[in-house]
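So the sequences go chain by chain: X and D. Position 284 of the first sequence, counted from 1, bears residue number 284 in my numbering, the numbering being contiguous throughout. Numbers in my numbering are just positions in the second sequence, counted from 1, shifted up by 1000.
Hints listed in this document are in silico derivations from the structure and should not be mistaken for laboratory results. One should not assume that every hint holds.
As a list, the in silico DSSO-like pairs of lysine-lysine whose alpha-carbon atoms are at most 30 Å apart [as the list claims (entries may be wrong)]:
| id | chain 1 | residue 1 | chain 2 | residue 2 |
| --- | --- | --- | --- | --- |
| 1 | X | Lys-159 | D | Lys-1071 |
| 2 | D | Lys-1127 | X | Lys-2 |
| 3 | X | Lys-159 | D | Lys-1014 |
| 4 | D | Lys-1178 | D | Lys-1113 |
| 5 | D | Lys-1133 | X | Lys-159 |
| 6 | X | Lys-101 | X | Lys-41 |
| 7 | X | Lys-159 | D | Lys-1127 |
| 8 | X | Lys-159 | D | Lys-1278 |
| 9 | D | Lys-1126 | X | Lys-17 |
| 10 | D | Lys-1030 | D | Lys-1071 |
| 11 | X | Lys-13 | X | Lys-2 |
| 12 | D | Lys-1014 | X | Lys-13 |
| 13 | X | Lys-17 | D | Lys-1113 |
| 14 | X | Lys-2 | D | Lys-1232 |
| 15 | D | Lys-1133 | X | Lys-13 |
| 16 | X | Lys-159 | D | Lys-1057 |
| 17 | X | Lys-17 | D | Lys-1127 |
| 18 | D | Lys-1113 | X | Lys-2 |
| 19 | D | Lys-1278 | D | Lys-1218 |
| 20 | D | Lys-1071 | X | Lys-17 |
| 21 | D | Lys-1014 | X | Lys-2 |
Pairwise CB distance ranges (calculated) [claimed, not checked]:
| id | chain 1 | residue 1 | chain 2 | residue 2 | range |
| --- | --- | --- | --- | --- | --- |
| 22 | D | Glu-1027 | X | Leu-300 | 44 to 54 Å |
| 23 | X | Met-299 | D | Asp-1110 | 33 to 43 Å |
| 24 | X | Val-29 | D | Asp-1110 | 53 to 63 Å |
| 25 | D | Glu-1171 | X | Gln-160 | 30 to 40 Å |
| 26 | X | Leu-245 | D | Tyr-1011 | 24 to 34 Å |
| 27 | X | Leu-20 | D | Arg-1121 | 52 to 62 Å |
| 28 | X | Gln-160 | D | Ala-1164 | 24 to 34 Å |
| 29 | X | Ser-191 | D | Asp-1198 | 53 to 63 Å |
| 30 | D | Arg-1121 | X | Leu-254 | 39 to 49 Å |
| 31 | D | Lys-1113 | X | Ser-191 | 31 to 41 Å |
| 32 | D | Glu-1171 | X | Val-248 | 51 to 61 Å |
| 33 | D | Arg-1121 | X | Leu-293 | 37 to 47 Å |
| 34 | D | Arg-1121 | X | Leu-251 | 54 to 64 Å |
| 35 | D | Arg-1170 | X | Leu-245 | 44 to 54 Å |
Glycine included, each C-beta is placed from N, C-alpha and C at the ideal position.
The lines below spell out each chain.
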Amino acid sequence: MKAIGALVLQDLKRLLKNALFWVVSVTLVLIVLLVQFVFPKSVSMDAPLLVSFQAPSYSTMTRVVDSEAALRKVVAEEQAIGFLGDAEGNLAILHHGLSEKTIASVLLTLQHQQAPVRSEVLQPQEPIPFNLHWLPVLISFEALVLGFILSGTLMLSEKQEGTVRAMRISPLSEGRYIIAKMILFVFIGSSYAGLMALFTVGPWINWVAFLLVSALGSALFALIGLAVTTPFRDMNSWFFSTALLLSVNMLSALGYSNPSIQPWWMRMLPSYPFLMSYDDILFGSGWPQGVWLTIGLWMLVAIPVALLAVRRVFFAKGGVWA
Amino acid sequence: MIRVQHVYHDYEGKGHYAVADISFVAESGKIFGFLGPSGAGKSTVQNIMTGLLPLQKGEVFYDELSVRHVKTAFFNRVGVSFEQPNVYTALTGYENLAYFAAQFSVPTLDPMKLLDRVGLRDSAHKKASEYSKGMKQRLTLARALINQGDYLFLDEPTSGLDPATSVLVRELIREQAKRGATIFLTTHNMELADSLCDTVAFLSEGKIRAMDTPNALKLTYGTSQVRVTVRKDGREEDSFFDLRQPQAFHEFLKENNVLKVHSMEATLEEIFLRVTGKELKS
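In isolation and in its complexed conformation, chain X is listed as follows:
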């Protein structure tokens, strides 16, 4: 414990003297300020304008124009949806890239204007304020990813200063090294995530679930960061490779904003279960649903991979290193 404690303390001291750490801390404050004071709590979601020409079935529910040219002009200039009919009774829908699902919904709604369609929400919940909607994304890609970026930064500076050579001829084991980094980044990542939630959503959330998810996420990203950084010798090559990895990892935000776009590979990204967990904890049932298997699998893979990577590059003793 003494050795791990010394490692955590030493890494914390080095972090406090690292410019990147302070950039990240300032970003945290900026995010809280943006969410609280800049982003609106609600935005008006006006229904789109509907216009038609030669479409008598829709004339009572739409604004009717007197030519196809006029229809096209209104659709183009006012982001409207146009219904264009012809002499044979065919109908074309003019729009700006709506999905087939949306078009079908609009047609269904219009066809049932006389008898309104009843809608039922299976999991009723309060609408999420607009300024908080992206909070799970911000926590996942700011607080949790800290472990990834900063563990890599610390490891690279150890390589560049040559202290890694001194560690290799000390009784420090790869297990202790990794545990110390995980403890540090679980503490920092969970603290950052907690502060972001506290100053935006408020204190009335399930903190047990929130801190559990934050701790697991921070630990996982610290492990991935260590494993990914081991082959690199300098900041430049590391930065571009990790930027690419982090970009791929961020694709899960697409699935979060558009639940109809969640292919299987997106659900397997390490950020996905944490993003969905924060959504459940902050705005849903209060406890993450259906994510534990993915988190468990990622941990099962990340722990041995990080151990192997750090062992081969850092700590092999007695002439068995890579």
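We have chain X already, so just place chain D on it with the hints.
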């Protein structure tokens, strides 16, 4: 005791050995000097011995334990001072030592006392990034000594040090030998090796060319000459005599007004040049 037996190392795996057939024994309580110019293979041998490089061929034993079988805990008994100082520059000198001390599961020295011994007490709470190269070198040496290891590897321990600090460091190294540590000292400083080492090995182009005590090497490879300075016609003149034929020397002393007599003992550097055909400082 460290036993190195027929060690070879090939960095590229193409049959070009950086070091070849290296064998020696470094005794407990003694200082073993590894002398050679840059690129001779000194660091390669040290890295193989400490496990920083894989042992491809041959054997290295710490007492009876092969380096192939050492575990993490073994490094509680080892101290290494690198030629290139490698310290945490964001931490102070004291924090550097305290951090490494915490990694050992054996009793360690008080970091402040150790810093005092290497002349860094006044800079103990300065960040290592503010240290000069010599100060970093001393900090690295202090780190190597903090666990009072049984096996010490010191790579150019006085490089970049002023004469007064160099004397301090030499004394510290002698103390480690007195307490029974096996010291493997790598250097191209023949004067340091001559003053500290019980045994020296000359390494050139990856091979040991000669190995013995400094005195024995001087006897084997040096000449028994003396230089005699006399005054003749108001001027000083030097004459040289081989002591293996003392008759001429004795007669010269009787017949001349001798001012000075100097022994012409060969230095290790001269012996190295004679044995290897290469300069130590190349």
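Results for each hint:
Simply put, X:Lys-159 and D:Lys-1071 have alpha-carbon atoms about 22 Å apart, close enough for the 30 Å limit, and the pair holds. This hinted pair checks out: D:Lys-1127 and X:Lys-2 have alpha carbons roughly 23 Å apart, not beyond 30 Å. Taken as a hint, the X:Lys-159 and D:Lys-1014 pair is honoured in the structure, with Cα atoms around 28 Å apart against an allowance of 30 Å. Only pairs whose Cα atoms come within 30 Å are accepted, and D:Lys-1178 paired with D:Lys-1113 is accepted, the gap being roughly 19 Å.
At roughly 19 Å between alpha-carbon atoms, D:Lys-1133 and X:Lys-159 fall within 30 Å of each other, so this suggested pair holds. Distance hint between X:Lys-101 and X:Lys-41 is fulfilled; the C-alpha atoms sit about 28 Å from each other, no more than 30 Å. Distance hint between X:Lys-159 and D:Lys-1127 is fulfilled; the C-alpha atoms sit about 19 Å from each other, no more than 30 Å. Straight-line distance between C-alpha atoms of X:Lys-159 and D:Lys-1278 comes to about 34 Å, which puts the hinted pair past the 30 Å bound.
Taken as a hint, the D:Lys-1126 and X:Lys-17 pair is honoured in the structure, with Cα atoms around 14 Å apart against an allowance of 30 Å. As the CA atoms of D:Lys-1030 and D:Lys-1071 are separated by approximately 25 Å, the hinted pair is consistent with the 30 Å bound. Proposed proximity of X:Lys-13 and X:Lys-2 is supported: the alpha carbons are some 16 Å apart, at most 30 Å. Distance restraint check for D:Lys-1014 and X:Lys-13: the Cα-Cα separation of roughly 45 Å exceeds the 30 Å cut-off, and the hinted pair is therefore not satisfied.
Between X:Lys-17 and D:Lys-1113, the direct Cα distance comes to roughly 27 Å. Compliance with the 30 Å bound is thereby established for this hinted pair. Using a Cα cut-off of 30 Å, the hinted pair X:Lys-2 and D:Lys-1232 is violated, with the two alpha carbons roughly 76 Å apart. The straight-line distance between the Cα atoms of D:Lys-1133 and X:Lys-13 is roughly 23 Å, inside the 30 Å bound, and the hint therefore holds. For a cut-off of 30 Å, the pair hint linking X:Lys-159 to D:Lys-1057 stands: about 28 Å separates their Cα positions.
Distance restraint check for X:Lys-17 and D:Lys-1127: the Cα-Cα separation of roughly 11 Å lies within the 30 Å cut-off, and the hinted pair is therefore satisfied. Between D:Lys-1113 and X:Lys-2 the CA atoms are separated by roughly 21 Å; this keeps the pair inside 30 Å, and the hint holds. Taken as a hint, the D:Lys-1278 and D:Lys-1218 pair is honoured in the structure, with Cα atoms around 17 Å apart against an allowance of 30 Å. Proposed proximity of D:Lys-1071 and X:Lys-17 is contradicted: the alpha carbons are some 34 Å apart, above 30 Å.
Under the criterion of a C-alpha separation no larger than 30 Å, the hint pairing D:Lys-1014 with X:Lys-2 is inconsistent with the structure, at around 45 Å. Restraint check, D:Glu-1027 to X:Leu-300: a C-beta distance of roughly 50 Å satisfies the suggested window 44 to 54 Å. A C-beta distance of roughly 41 Å is found between X:Met-299 and D:Asp-1110, which places it inside the suggested range of 33 to 43 Å. Checked against the given bound of 53 to 63 Å, the beta carbons of X:Val-29 and D:Asp-1110, roughly 42 Å apart, lie outside it.
Restraint check, D:Glu-1171 to X:Gln-160: a C-beta distance of roughly 34 Å satisfies the suggested window 30 to 40 Å. At roughly 32 Å, the beta carbons of X:Leu-245 and D:Tyr-1011 sit within the given window of 24 to 34 Å. Between X:Leu-20 and D:Arg-1121, the C-beta spacing of about 33 Å breaks the proposed range 52 to 62 Å. With their beta carbons about 32 Å apart, X:Gln-160 and D:Ala-1164 fall inside the hinted range of 24 to 34 Å.
Separation of X:Ser-191 from D:Asp-1198 is about 56 Å and conforms to the stated range, judged on CB atoms against 53 to 63 Å. Between D:Arg-1121 and X:Leu-254 the CB atoms are about 59 Å apart, so this pair departs from the stated range of 39 to 49 Å. Taking the beta carbon of each, D:Lys-1113 and X:Ser-191 are about 37 Å apart, inside 31 to 41 Å as hinted. For the pair D:Glu-1171 and X:Val-248, the supplied restraint of 51 to 61 Å holds, since their beta-carbon distance comes to about 59 Å.
With their beta carbons about 57 Å apart, D:Arg-1121 and X:Leu-293 fall outside the hinted range of 37 to 47 Å. Taking 54 to 64 Å as the suggested C-beta distance range, the pair D:Arg-1121 and X:Leu-251 conforms, at roughly 56 Å. Here the CB-CB span from D:Arg-1170 to X:Leu-245 is close to 51 Å, well matched to the stated 44 to 54 Å.
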